[in-house]
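**Student:** Going by our numbering, the letters in the sequence shown line up with residues 1 to 157, in that order.
Honestly, the hints are just simulated from the structure, not real lab data.
Predicted, not measured: the structure shown is a model, and the values here were computed from it.
By construction, the Cβ of each residue, glycine as well, lies at the ideal position given by its N, Cα and C atoms.
One thing to keep in mind: the hints can contain errors.
Taking CB as the label site, the calculated pair distances span [stated by the list, open to error]:
id, residue 1, residue 2, range
1, Val131, Arg30, 20 to 26 Å
2, Ala37, Asp148, 35 to 41 Å
3, Ala34, Val131, 38 to 44 Å
4, Val69, Met134, 22 to 28 Å
5, Ala65, Pro136, 37 to 43 Å
6, Tyr154, Ala65, 30 to 36 Å
7, Pro121, Ser60, 20 to 26 Å
8, Lys81, Glu137, 37 to 43 Å
9, Ala124, Arg30, 30 to 36 Å
10, Val131, Arg98, 32 to 38 Å
11, Pro101, Pro155, 31 to 37 Å
12, Asp122, Arg24, 38 to 44 Å
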Amino acid sequence: MRALAIALCLALPLPAQAEIETGRDLMDARDYPAAMAELLPAARAGNAEAEELIGVMYASGLGVAKDDVRAFEWYLRAAMKGHAGAQSGVGWYYEVGRGLPTPDLTRAYLWYALSAIGGDPDAAISQEEVVKKMTPEQIEHAHVLIDDYRVWLYPFR
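Work out the full structure: start from the sequences and follow the hints.
**Tutor:** Shown next, in the form of structure tokens:
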């Protein structure tokens, strides 16, 4: 699986890789409007890393108006492509209910679990905390969802 991931990264056109790196550098320099301009083409082309970074910008109000709904949507796009950091972000949004009608602990647990499978070292801690708030039925349903998503997002894990 790691070889496949490396091959997919190498298959990413060099301009998209450059846009993402330039976007990160601009974020580090706090030039958020320029960072957004660099990241948007890659994100609109479906690059999960760029999508996640735009989610960060909306979540924190970096160069854009803070918008939890838009942040969640950008995180979700990246999460559905297997971006572990974005998956953890989606879990957090579901846990606290920001940008959503209500919290959903089942889906928070689901996304934290997927993030942990994807290699996010903090996701397991988040998963341990959210499970303390859940009913046995919610936990059982979350595991059904995890099994459904895992084979799609992480077929070799």
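**Student:** A separate judgement is required for each hint: does it hold in the structure or not?
**Tutor:** We went through each hint and held it up to the structure:
{"no.": "1", "hint": "Val131 to Arg30: 20 to 26 Å", "result": "violated (37 Å)"}
{"no.": "2", "hint": "Ala37 to Asp148: 35 to 41 Å", "result": "holds (37 Å)"}
{"no.": "3", "hint": "Ala34 to Val131: 38 to 44 Å", "result": "holds (41 Å)"}
{"no.": "4", "hint": "Val69 to Met134: 22 to 28 Å", "result": "holds (25 Å)"}
{"no.": "5", "hint": "Ala65 to Pro136: 37 to 43 Å", "result": "holds (41 Å)"}
{"no.": "6", "hint": "Tyr154 to Ala65: 30 to 36 Å", "result": "holds (35 Å)"}
{"no.": "7", "hint": "Pro121 to Ser60: 20 to 26 Å", "result": "holds (21 Å)"}
{"no.": "8", "hint": "Lys81 to Glu137: 37 to 43 Å", "result": "violated (30 Å)"}
{"no.": "9", "hint": "Ala124 to Arg30: 30 to 36 Å", "result": "holds (32 Å)"}
{"no.": "10", "hint": "Val131 to Arg98: 32 to 38 Å", "result": "violated (20 Å)"}
{"no.": "11", "hint": "Pro101 to Pro155: 31 to 37 Å", "result": "holds (32 Å)"}
{"no.": "12", "hint": "Asp122 to Arg24: 38 to 44 Å", "result": "violated (20 Å)"}
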